[in-house]
Amino acid sequence: MSSILEEIETKIAGLKTSTTKSNIGTVRETGDGVARIEGLSDVMLNEMIEFPGGVFGLALNLEETEVGAILLGDATKISEGDEAKTTGRLLSVPVGKGLLGRVVNTLGEPLDGKGEVKSETFYPLEKIAPGVIKRRSVSQPVQTGIMAIDAMIPIGRGQRELIIGDRATGKTTIGIDTIISQARLNKAGEDSKSKDYRPLYCIYVAIGQKNSNVARVLAVLEKEDAMRYSTIISAPASDSATNQYLAPFAGAAMGEWFMDNGMDALIIYDDLSKHAVAYRQVSLVLKRPSGREAYPGDVFYLHSRLLERAARVSDEYGGGSVTALPIIETQAGDVSAYIPTNVISITDGQIYLETDLFYQGVRPAISVGLSVSRVGSAAQIKAIKQVAGKVKLDLAQFRELAAFAQFGSDLDAATKARLDRGQRIVELFKQIQYNPIPVELQVAVMWAMQNGFIDPVPVERVKEFQNKLQDFLQTRKESLLASIRQKKQLDAELEANLKATLEEFSATKPVG
Amino acid sequence: MQVKKEVRQIAREMLRASFTDGQLDRGRVASVVDSILAKKPRNYLKILEYYKRLLRLEAEKRHARIETATALEPQITSQISLNLARRYGTDLTTEFAINQALLGGMRIRVGSDVWDSSIRNRLERLQQQL
Chain A
0 MSSILEEIET KIAGLKTSTT KSNIGTVRET GDGVARIEGL SDVMLNEMIE
50 FPGGVFGLAL NLEETEVGAI LLGDATKISE GDEAKTTGRL LSVPVGKGLL
100 GRVVNTLGEP LDGKGEVKSE TFYPLEKIAP GVIKRRSVSQ PVQTGIMAID
150 AMIPIGRGQR ELIIGDRATG KTTIGIDTII SQARLNKAGE DSKSKDYRPL
200 YCIYVAIGQK NSNVARVLAV LEKEDAMRYS TIISAPASDS ATNQYLAPFA
250 GAAMGEWFMD NGMDALIIYD DLSKHAVAYR QVSLVLKRPS GREAYPGDVF
300 YLHSRLLERA ARVSDEYGGG SVTALPIIET QAGDVSAYIP TNVISITDGQ
350 IYLETDLFYQ GVRPAISVGL SVSRVGSAAQ IKAIKQVAGK VKLDLAQFRE
400 LAAFAQFGSD LDAATKARLD RGQRIVELFK QIQYNPIPVE LQVAVMWAMQ
450 NGFIDPVPVE RVKEFQNKLQ DFLQTRKESL LASIRQKKQL DAELEANLKA
500 TLEEFSATKP VG
Chain B
0 MQVKKEVRQI AREMLRASFT DGQLDRGRVA SVVDSILAKK PRNYLKILEY
50 YKRLLRLEAE KRHARIETAT ALEPQITSQI SLNLARRYGT DLTTEFAINQ
100 ALLGGMRIRV GSDVWDSSIR NRLERLQQQL
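Heads up: the protein sequence lines correspond to chains A and B, in order. If you read the first sequence in numbering that gives the first Met the number 0, its first letter stands for residue 0, the second for the next number, and so on. If you read the second sequence in numbering that gives the first Met the number 0, its first letter stands for residue 0, the second for the next number, and so on.
Be a bit skeptical, because a hint or two may be false.
Keeping only pairs whose Cα atoms sit at most 20 Å apart, straight-line, the calculated PhoX-like set for lysine-lysine is [to be verified]:
1. A:LYS194 with A:LYS487
2. A:LYS286 with B:LYS3
3. B:LYS4 with A:LYS286
Just the calculated beta-carbon pair ranges, DEER-fashion [as the list claims (entries may be wrong)]:
4. B:GLU5 with A:GLU307: 32 to 42 Å
5. A:GLN330 with B:PHE18: 52 to 62 Å
6. A:ILE3 with B:PHE18: 49 to 59 Å
No lab work stands behind these hints, which were simulated from the structure alone. Idealized CB from N, CA, C, for every residue including glycine.
Please model the entire structure based on the sequences and the hints provided.
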């Protein structure tokens with residue numbers, strides 16, 4: 000009790016002496032979440048401005064006679080003639096492990112009714128990305144648990160991989176699957192008490208989405224017990240454009256805390272198309288000059304400075320990383336629109352989802368030809384490299400041949416074999432949502448495919464075969480899976496073991 | 000208010016021409032306005048409007064408003080004016096006002112700078128800190 004009294008005493012003592020100097024201005028006009036203020040001669044760019052009633056703003060336009068500021072919070076409390084004051088502070092959000100398991104808004108305030116966010120550290124929203132000296136190349140994998148991605152388009156820790164596609168093609172689902180996969184791996188890592196395992200914390204930033212969508216994502220993550228390692232930042236469609244514009248930067252700040260403290264984080268920006276639209280609105284209301292599609296001239300810089308903050312830093316700086324999975328929604332498959340081309344050129348690769356494939360039942364609807372990861376196999380464990388090295392090539396050849404083979408029925412044996420193999424790979428890569436597959440199981444299944452164990456199975460029963468094989472391995476050959484997990488590569492002994500196991504499984508005639 | 004670039008440029012030049020030795024000169028202001036009225040260039044009303052605004056902002060920079068909760072003695076007001084003039088230059092105009100909402104102490108505003116030692120300000124800061 001006495002310590003509280005002392006604290007208050009010192010605070011009062013601090014106030015007694017001082018005459019405060021501040022820099023103020025007068026609100027000249029306000030509306031659409033923006034205020035124009037005369038005065039404020041000492042204001043800095045991006046500085047927080049305090050209005051009466053505890054509303055804050057952010058100075059974005061410093062002009063000759065006035066300052067244009069965007070308002071955070073209730074803009075209706077501000078009226079013409081009000082006094083606005085500089086604060087000398089930059090907008091900051093709480094960061095740290097106290098945010099795990101929470102749903103917060105752009106300013107880090109709780110939305111989930113679970114009480115205050117416990118955090119003592121604050122990070123500014125805008126921060127310069129780590130430079131060349133601090134960085135090192137990407138080499139550790141992010142296991143998404145989606146076989147097609149882990150095999151063909153591997154994502155590494157510190158990478159920026161774009162997820163792009165039309166509406167309702169499963170973009171968010173890939174993000175959610177990745178979060179669930181990380182949660183399972185983190186839990187297994189914690190249980191095994193292994194010192195080598197580096198947990199990957201996930202931050203899901205919902206920008207301009209329906210509240211119902213965010214609620215659904217939250218429900219899925221809670222059901223899978225993934226919220227323990229995740230934070231959701233929600234700036235839904237009903238939020239102001241200002242909050243939507245700032246939300247990804249808040250996410251980046253929260254992710255950077257993990258990186259600075261030697262940990263790994265994954266941020267999903269869902270989605271940057273709506274983010275660009277929110278920024279366009281703010282810019283137009285601030286009367287900034289507009290360019291192509293009415294976006295302001297710095298919309299490229301907006302996304303490049305955001306995504307540049309994803310990095311993997313060298314061991315001298317803690318060895319942490321921030322991985323970014325931005326999502327872009329295209330209109331009618333048009334990847335050559337303004338924002339999609341911008342973000343494609345910024346990121347280290349993209350996962351392109353096709354509507355046609357989605358409706359053909361190939362889910363996740365990943366287009367192999369257009370998807371790429373520029374980090375490549377550096378972000379794969381060796382076992383996956385051994386079994387999936389040629390899968391992408393096989394599938395690409397299959398697509399070409401399949402189009403060609405439609406015109407004739409007389410095919411030579413080699414072509415037919417390639418077509419058969421391709422059809423089976425496509426079947427193997429089909430995966431239901433919220434069901435990530437552990438990497439050791441992926442290795443075993445792909446090894447079976449590569450070594451011809453799946454070739455005798457009719458195409459329409461491949462999935463059934465795969466499910467039964469997975470069950471068989473998980474229930475009866477746990478030790479084999481464990482040794483793949485530990486060794487991370489297939490040696491002669493493991494291959495012999497896999498061969499024996501698959502022969503044993505095939506002998507049971509799983510699909511008749 | 001949407002103001003054209005050309006209008007802004009002319010108004011700015013007019014403002015620049017209104018100073019002598021770094022201080023606003025009433026005579027020059029009048030002559031600048033007269034010359035515009037005589038020439039009547041395109042958008043001259045908007046130019047004068049914008050010029051007026053620039054002048055107002057410039058005048059505000061050279062004006063001090065001193066608020067207190069109770070009326071000050073003449074001796075203190077002259078001392079304050081003198082001190083402010085020493086700091087901001089002799090062309091500073093001063094205005095004394097009574098604002099009971101301050102509760103006590105003094106609040107001085109010069110341009111966009113504010114020195115606040117009022118009781119109200121201290122209470123507000125205390126409220127924020129606690």
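To see whether the hints hold, each was checked on the structure:
1. A:LYS194 with A:LYS487: 16 Å, holds
2. A:LYS286 with B:LYS3: Within the cut-off at roughly 13 Å; holds.
3. B:LYS4 with A:LYS286: 14 Å, holds
4. B:GLU5 with A:GLU307: 32 to 42 Å: 39 Å, holds
5. A:GLN330 with B:PHE18: 52 to 62 Å: 56 Å, holds
6. A:ILE3 with B:PHE18: 49 to 59 Å: 57 Å, holds
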